[in-house]
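Asks: Let the sequences and hints guide you as you build the complete structure.
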Amino acid sequence: MLSSKESDARGEKRPNDSCEDHLSQKKRVTRRRHRNSRLGCDECKKRRIKCDETLPECRNCQNRQKRGAGERCSYLSMSEEEIASFKTKRQQNQLAEGTRASKALEEHPEKVAYEIKMIAHESVELPVSVWNSVSGMESVRVPKVLYLQLLLNANQDWNMSSRVFVVLALYAIINSMSHKITLAGQRQGDPTQELLSSEREILENIAVKYKKEFLSYAREIISLFLTSKSAVGSELLGTRLLITNTVLQYIQLYSNAQYDSNHYAAMVDMCLEIYKNNDPDKVARTVQFYWSAMPRNLFHLYFPAYSTDLLFELKAVLQEFEACILSADDDRVQLHYNQLIDFLQYVIGLLPISTSVLPLPINKLYEVYRTWFLGVPSEAFCISRAMPAVHRVFYTFYHSVASYLNHLFPSGCYLMSRPFHGPTSLYPFSLNVVFEDLDHVLGPFAEFSVRLLSFMERREHILQTFFEVKDPLPPELDKFRFQKREVRNLKEKFISSLREELITWDNYPDLVPDAETSEGDEVKHFALTEREIAKSPIKRWRQAKDNYKMPAIFPSENNEILMDQILEQMKSADPFLAMQRKTPVDCSGIEYFSDRGYQMGDRGLFQQDCDVSLFFEQCPPAFLSTLPTVEEVLNYKVDRICVLSNSDNQLLYNY
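Positions 1 to 655 (UniProt numbering) are the ones given, in order, by the sequence shown.
Bear in mind the hints are in silico, worked out from the structure with no lab data behind them. Any given hint might turn out to be false.
Straight-line C-alpha distance at most 20 Å; calculated EDC-like pairs for lysine to aspartate or glutamate [unchecked claim]:
hint, residue 1, residue 2
1, K229, D281
2, K180, E194
3, K491, D309
4, K470, D439
Replies: Below, the structure is given as C-alpha cells:
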C-alpha cells in the first residue's frame, strides 16, 4: 500500500482529496466579496454585510424590520446636518467609483463589464404586430417586416450580432442621459447631475470602442464583397453589410454635429462595383433592395413640399395640450413637451425656405433631421395601456409630427436616405390603446394626431406607388441642376385645418390632365407619370372621385388578406419567411366619437373622411418592380455629389 507521501509524489489523489476539494470550493463561493461600505449603517457593519446606503432607512434594515428582527437602522437617528453631510460624502464616493471604472476601462478595455439598461419595450411578435398599423396600409409595412426578419436571421451565428444591438442601445442611453442631466439641472440642489455626467462619460468610452469595431468590420465585408463571387450572392452577408452600414449611419447621427455622407457614399460605390462585375440576378436580395431604393431616394428632390398651414395648427394644438401635460404632474413628460414645442418653434423660425434644389443649407437641413431624431423619447416606441391617458395621447405626436416633416422637408429624406420617423415606424401603436377610455378633453388631441399621421402616410403612398418622375436626370441637367425640381403637373388641395375640415378626395394628390410643361433655356419643368403597375387602382380611384363626393361603402375583402400572403408573393426561395399565421388578426372598431359626432375608424381616419387607402392594392412596393441600370445609379451618384458639394454655393439660397 502506498503511503500518502508516495501518492503525492506520483500525483495520485488520496480518497478524501475530492471531499477536501469540494469543501474548499464550497468555502470559496459561500459569499461574494464586496467593497467596504464606509457610509453603511451600524446594523450592516455589525453583520458585515454590504449596505446600500439608502435613506431614510437601508433596505437590509427594512427587510429585517418586516421580519420583526434586528435593531432600527442607524440612519433614522441622524440629524439634518448629518444627513446633508452623508449625502455629500456618498456623492463623492460615487464619483470616485466612476473615475476608477473609467481608468480601469482605459487600462483594461477587454476586461471591464458594465451593466447596460435597455430602453423599455414590450415583446414583439413577428410579423403580426408590425403590420397592424394605424394607416390601414399593410403593403407600406411589408419592407419593414422583411427587414426585421432579415435582421433576426442574419444575427444568428454572427460574432457581431450582440454588438449590433448593444452599440445602438449605448448611444440611445447616452442620448437619454443627456435629457436626464437637463432635467436634473432644472432642480436646485439635485446631486444626480454630476453623477449622470460621470456615468455618461464612461458609456461614451465604451461606445467609441464599439464604433471602431464596426468600422473595421465594414471595411472587411466590403472588401469581401468586391473580391469574392460567392459573397455577392450570400443573403446573410448582404444583410450583415446592410446592418453594419445602417448602424454606422445612425452612430453618425448621434456623434456628428456636421453632415457626413461617407458611409452612404461607400455603399453606393460598392453597389456599383458589384453590379458592374456580376450578374444582377445573382446579387443578394438585400443588396438588390438597397440598389432599387436609390431612385426612390432621388424622388424626394421632386416631392412637392406640403403647406406650412398645418405646422402652425400643430403648434397651436400642442399649446392647448399644455394644461393636460401639467395636470399629469410628471417632470419627464413635461420636459418632452417643452422640447417638442421648442422644436416646432425652431422649424417655424426657418421659414420661408429656399426655392432652390434644397430648401435649406445642407448642414441646416441635417441639423433639423438630427435635432428631431435625438429628441424622440423612448416612450414613443412603446405606447401601451400601462401609460396614463395623457401620456398615450402625447407620445402619438412623435409619430404624426415625423410623418408631417417627411412632407414639409422631403429633401431631408433625400439627404439622409431615410424618413424622419426613423425607428418609430417599426413600433406602430394600436388605436384601441390610444382611444381607450379617453375623456372629452383628451379626445380632440388624439384625433388630430392620428388623422395627421394617417393622411400624411396616404399622401406619401400615393406619390411613391401611383406615380414616378418622367426622365428625372436628363442629359441637359447641368443647366438646371440647382433649381427647384418640384414636379409641375400635380394638383391637390392642401388642408389648412384638420380640426375644422373633413378630408375630401381633392385633398389627395393627382395628376393634372394634359398639363402644359413648357420650358425654356432657363427653366426645366419636371413631371410625373403613372406607374404601369398602378394604372388599375388609379382608374378605380378616379371613378370613385367622379361618382362619390363623400366616402362610400366599398368592398373590404382586401382587409382580409393576411400580411403573410403578401410576403409570400414577394419572396423568392429564401429562408427569411418563417413565421406563418393562418387566421386574420382581430381588427375591432374604435369606440370613439368626436364632439361633432364623427366616429374614428380602424384605419386612423373619421368614417366621414375620404379614405384613398381603399384603393391600395396588396402588392410589393412599387420601387421594387424595376431594377435600375448601372448607368442610372451612376447618374444618381454624380448628381448627388454635385448637389451636396455645392452646399456653400449661393445658388442654393436664392429666395
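Asks: Evaluate each hint against the coordinates.
Replies: Right, here's what the structure says about each hint:
A C-alpha spacing of about 13 Å is found between K229 and D281, which places the hinted pair at or below 20 Å, so the restraint holds. Proximity of K180 to E194 is assessed by CA-CA distance (about 11 Å); at most 20 Å being required, the pair is judged to hold. Pair hint K491 plus D309 holds up; C-alpha atoms about 17 Å apart against a cutoff of 20 Å. A C-alpha spacing of about 49 Å is found between K470 and D439, which places the hinted pair above 20 Å, so the restraint is violated.
This entry does not satisfy hint 4, going by the numbered hints stated previously; all others are met.
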